[in-house]
Each structure stands twice: as structure tokens, then as C-alpha cells.
Amino acid sequence: MARMKFLCDAERCIECNGCVTACKNENEVPWGVNRRRVVTVNDGVVGAEKSISVACMHCSDAPCMAVCPVDCFYKTADGVVLHDKDLCIGCGYCFYACPFGAPQFPQAGAFGLRGKMDKCTFCAGGPEPDRSEAEFKKYGRNRLSEGKLPACAEMCATKALLGGDGDTIADIYRQRVTVRGKGAEVWGWGTAYGPPKGGQAATGSKS
Amino acid sequence: MSKLCKLLGALLVLAAFAVPGPVQAQSAGAKAQAERSAEQPGNNAPVWRDVKSGEKNYTTLPQHQGAVLIQSPLRFTGQSAFATAGEAWRNFRNGPLIFYGGWLLVVAALAILAYYLVKGTMKLKHAPTGRLIERFNSLERIAHWSTAISFVILALSGLIILFGKFVLLPVIGYTLFAWLSALAKNLHNFVGPYFILSLLLTIVLFVRDNFWHASDAKWIAKGGGLLSGNEVPSGRFNFGEKGWFWIGVVLLGVIMSVTGLIMLFPNFDQLRETMQQANVIHVIGAVVFIALSFAHIYLGTIGMEGAYQSMRSGYVDEEWAKEHHQLWYDDVKAGKIPAKSTGAAAGAPQHQH
Numbered sequence: 001m002a003r004m005k006f007l008c009d010a011e012r013c014i015e016c017n018g019c020v021t022a023c024k025n026e027n028e029v030p031w032g033v034n035r036r037r038v039v040t041v042n043d044g045v046v047g048a049e050k051s052i053s054v055a056c057m058h059c060s061d062a063p064c065m066a067v068c069p070v071d072c073f074y075k076t077a078d079g080v081v082l083h084d085k086d087l088c089i090g091c092g093y094c095f096y097a098c099p100f101g102a103p104q105f106p107q108a109g110a111f112g113l114r115g116k117m118d119k120c121t122f123c124a125g126g127p128e129p130d131r132s133e134a135e136f137k138k139y140g141r142n143r144l145s146e147g148k149l150p151a152c153a154e155m156c157a158t159k160a161l162l163g164g165d166g167d168t169i170a171d172i173y174r175q176r177v178t179v180r181g182k183g184a185e186v187w188g189w190g191t192a193y194g195p196p197k198g199g200q201a202a203t204g205s206k207s
Numbered sequence: 208m209s210k211l212c213k214l215l216g217a218l219l220v221l222a223a224f225a226v227p228g229p230v231q232a233q234s235a236g237a238k239a240q241a242e243r244s245a246e247q248p249g250n251n252a253p254v255w256r257d258v259k260s261g262e263k264n265y266t267t268l269p270q271h272q273g274a275v276l277i278q279s280p281l282r283f284t285g286q287s288a289f290a291t292a293g294e295a296w297r298n299f300r301n302g303p304l305i306f307y308g309g310w311l312l313v314v315a316a317l318a319i320l321a322y323y324l325v326k327g328t329m330k331l332k333h334a335p336t337g338r339l340i341e342r343f344n345s346l347e348r349i350a351h352w353s354t355a356i357s358f359v360i361l362a363l364s365g366l367i368i369l370f371g372k373f374v375l376l377p378v379i380g381y382t383l384f385a386w387l388s389a390l391a392k393n394l395h396n397f398v399g400p401y402f403i404l405s406l407l408l409t410i411v412l413f414v415r416d417n418f419w420h421a422s423d424a425k426w427i428a429k430g431g432g433l434l435s436g437n438e439v440p441s442g443r444f445n446f447g448e449k450g451w452f453w454i455g456v457v458l459l460g461v462i463m464s465v466t467g468l469i470m471l472f473p474n475f476d477q478l479r480e481t482m483q484q485a486n487v488i489h490v491i492g493a494v495v496f497i498a499l500s501f502a503h504i505y506l507g508t509i510g511m512e513g514a515y516q517s518m519r520s521g522y523v524d525e526e527w528a529k530e531h532h533q534l535w536y537d538d539v540k541a542g543k544i545p546a547k548s549t550g551a552a553a554g555a556p557q558h559q560h
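These protein sequence lines map, in sequence, to chains A and H. Just so you know, we're using our numbering here: the first sequence kicks off at 1 and counts up by one. Just so you know, we're using our numbering here: the second sequence kicks off at 208 and counts up by one.
FYI, nobody ran anything at the bench for these hints, they're computed from the structure. Being a predicted model, the structure only gives us computed values, none of them experimental. Some hints here could point you the wrong way.
[Unchecked claim] Derived list of chain A stretches under chain H, where covered just means 3 residues or more per stretch with a C-beta under 8 Å from a C-beta of chain H:
| # | segment |
| --- | --- |
| 1 | 10-20 |
| 2 | 53-66 |
| 3 | 70-79 |
| 4 | 111-119 |
| 5 | 158-172 |
For each residue, glycine too, the CB sits at the ideal point set by N, CA and C.
For reference, chain A alone in the conformation it holds in the complex (with noise of 0.2 Å):
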């Protein structure tokens, strides 16, 4: 089974934010909520300007997994964290434990009460039978179910941003540095997949 996994190539990307539409388009994403955010570094100095487009990692030990005071997190079989909105309280634990800021929380009433968390599912959807009215509604779509990859991904204009099997992109991503001869760090992949073990692919566990 392949293991998904997003990379994001620093030198390519353009902060178009085309992921960040993609993803509000594709997934029908909630009032206020962001799944997917393009970070600038260093904005406006010549030579210096990074960017970066980031969501949901996917962790193999996923720290929002961890804290969740009702277990509502699950991994699935590709490796991509998804999580149960019928058993989600809004406590907002993931969102303090998450390295990246994933999870959003809609506003549902007065003084920032949180509502229902969403993230980032790698469009891969929740709980509900595949490609379901419910599964839509409540996560998006299931495009990984369809054959196909992560909306942002696809639709990035300057393949910056990969997504798919984690053996796949990172062989595009030494291609790339090959040619360039420079720069191997991946940015994000200690923090979400832990020191490389030996090619393997990373398994996640559950705490």
C-alpha cells in the first residue's frame, strides 16, 4: 500500500495560493476555515523570499491523534490521518498539539465557541461509504477513492506542491535536486515523518 505524503518544493513555489482555492473549491470548505495556507518567509527581501504551502502533513505519530480526548482520529490504510466529525467535540486539543496549525475550528456562536474540527483529509474524505451525500458534506471530496491525487497538488501551476506516494514524490524531488545540485531538505518531513528509517516507509501508531 502506498504511504501519501505532501512535499513542498521551496524553489518552485510562486504564493499563488491556488492550493489554498483548489482546496476551498474541491472540498466546499467551511465558512472561515482553510485547509491548506501559503506561509511567505522572509516576504519582500530579494533573494531571500521563501514560500511555502502547508496543511495537514499526514503524520505517521500524529500528535492531534494523541490528544484527542474522544479518539475521533483514524489512519487509514494509505497512511492519510482522517477523523470523525459525529464523535468531535471542538475541544481544540488537536489544534494546540499540532505542529503545522491544521485544524480549523468554524466559529459556531458567540465568544470563538468552536465548532466541528476540519482539515485537511488529502482529499480522501471520512467515515462515510465512499463518495456518499453525507461523506461530501461533512469532509469533502473523496477524490483518492476516484484514482485520483489531492485537488491542491493537482492543480498546482508550478509543481511546487506534490502529493501522492511517498516513495513517488521524494524520487520527482531528488530528480530535482539532482539537476540542481543544491538543496535537499524536505521542508516539514522530520516534524511529520520522523528520521528517515533505512527507506522504509514510516508506519503510524496509535497513542
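Starting from the structure of chain A, add chain H where the hints point.
Relative to chain A, chain H alone:
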């Protein structure tokens, strides 16, 4: 004139360039990256360092702390290595907080149970006289029970959120547990502010009789007579009750209120790191508060004859007052404290001793 125009023009041009903040405020990291890019094109090490430091960058999206790519590194007490703040918090909460917190509550409950099995209910040594003295007026009782009932709701709902996943979830299953947790979370959120108001009222009403008194030294020296069974004469409140007031109600109550409010209103743009720290303090405070409350609830119910009735009806028997709070009883008898603060003598309930 033309010189002045030129000067003004130059100033305008300067002002125009001064507007975009990020260009002007070049951080050390940006400078380092700009230099690195010139020397070794394609080497982004300074950028990756900045990203890992958890600093704020730039994003067009409005989400909370969205400009931070990865949370800053942090290490809690007892942790061997730095991790992102969220990961450090997760390890601290899921590790020591839940482990030691859980066992502290179990041990405290067992200790109370053991004390009860050994000593049993503290009964009056002599027959009640049938004459009643007012111990708590109606406002004091309202304040006490508001605080007490909201405390119990907060404690139970908090315990469900902290330990339910390990204790209840395996027993009652996901659907029922999620429903119960949603109820617990909403009760916790809405009862919390009510608890704070009750707590403040309680502090205001009871603080006067909880200051240090000379008799407290003797009480401490004899350990309150909890083990010997010989109670030390005390005023309206003995040192044990004062300890519960100052450490429990005042100190822990205020800590819980402040940290609770930080987490309750996420709409003030407080940082995740602030909410993580607030959560850690809230959990430690809660566990200690609940453990201490076991002793208070025990003595106020099955631990001591007449104690529950005193807070329920507001009245105690003279014999009860003499045995448990002799100095207070003496003061009441001497007329130093008005015996009926509400003047509702006719409505004084009959005791069942």
C-alpha cells in the same frame, strides 16, 4: 523654492518606500539568507532555521497564527529533548499529567476510604441539646452550594475529558462516549463562568472568619486531633477548614478560573503556546483541587455527624458547636457574635440527630 520641492519630493519617495513593513524590517535570518543565496545559490539553510524557530512569517490567509509554519521548539520539565511546542505538550499531558494525576486521585480516594473504615463517622460525644445555633446564613449557604454544585459538575466533566478515553471509552463505546464528552465539554464551558462568580461570592463572604487566629497554632501542633479523636478548640473555622479555604477555594480556585478563561475564549488571539501552558496548569490544579475536595466532601457528609445539616439548614446543635468549634460557641454564648444573623428564629428547622 526648487530646493524645497526637491526635498519634499525626496521625503515623499522615502515615505513611499517606508510603507511596506517587511522590506524595511529585514530580520537577521532574511539578511543571512540573502547573503547565502548570493554566495551559494540554492542553499536555503537560513530559511529552514527560521522556519523551525516557529517565528511569524507572512501569509494572506486570516487564520489564527497562520503565519507560523511550525510551532516553536519547547521542552517541559523532565523532558530530555526539545520538540515542537505542541508535541512537547502532547507528551507532557499524555505522560506525567495523566499518569500521576490519575494515581493521585485514586490514592486520595483510597486514603479517605481507609480513614473512614478505621475511624468511622465522627459522632457527637454527648446527646444533642435540641437548642440550635445559626452557623451559616442563607446567603452563605447559597454561595456555598452554588460553588459546590458547579464544582462537582466541572470536576466530573473535566475528569471525563482527561481520563474518559482510557476509563470510559473502552466500556461504553465511541458513540455514547462522544455524546457524553460533548455534553461534558459544553457543561464545562458554560458552568465554568458560573463557578467563577460563585467562587468570588464565597471568598468575599467567608474570608473574614478565615484569617489566622492564635488557636490555629495549637490546632497545627496537635494535627487537629484527626487521629487522636480529641478536637482542639477552634473559632468558627478550624485550621483545616482555613487550609481548604486559602489553598483550595482561593489559590486553586483563582488559578483554575484564570487558566480556564484563557482556554475558554480563544477569540482573543492568544497563542497556542499560551493555551498549552494554561492547559497544563489547569490540569495540575484540577487534580490537586479534586483530591483536596475529597477530604472536604467526606468531612461534610459521612465523615462527621451534623456537618452536612449545618450547611443544608444553616443550623447546628449547641452540643455540636461546643464539641467542634468551642471558641466560636463561647463567643456566640457570650453575645460577641449575634446568634441569629438572619433573624429567622421561628423558621429554624428541627434536627434529626
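Verification of the hints:
Note: the segment 10-20 of chain A has 4 residues with beta-carbon separation from chain H under 8 Å; the three-residue rule is met and the coverage holds. Residues of the segment 53-66 of chain A with a Cβ under 8 Å from some Cβ of chain H number 3, which satisfies the need for three, so the listed coverage holds. Counting residues of the segment 70-79 of chain A whose beta carbon lies closer than 8 Å to any beta carbon of chain H gives 3, which reaches the threshold of three, so the coverage claim holds. Counting residues of the segment 111-119 of chain A whose beta carbon lies closer than 8 Å to any beta carbon of chain H gives 4, which reaches the threshold of three, so the coverage claim holds.
With 0 residues carrying a beta carbon less than 8 Å from a beta carbon of chain H, the segment 158-172 of chain A misses the three-residue requirement, and the given coverage is violated.
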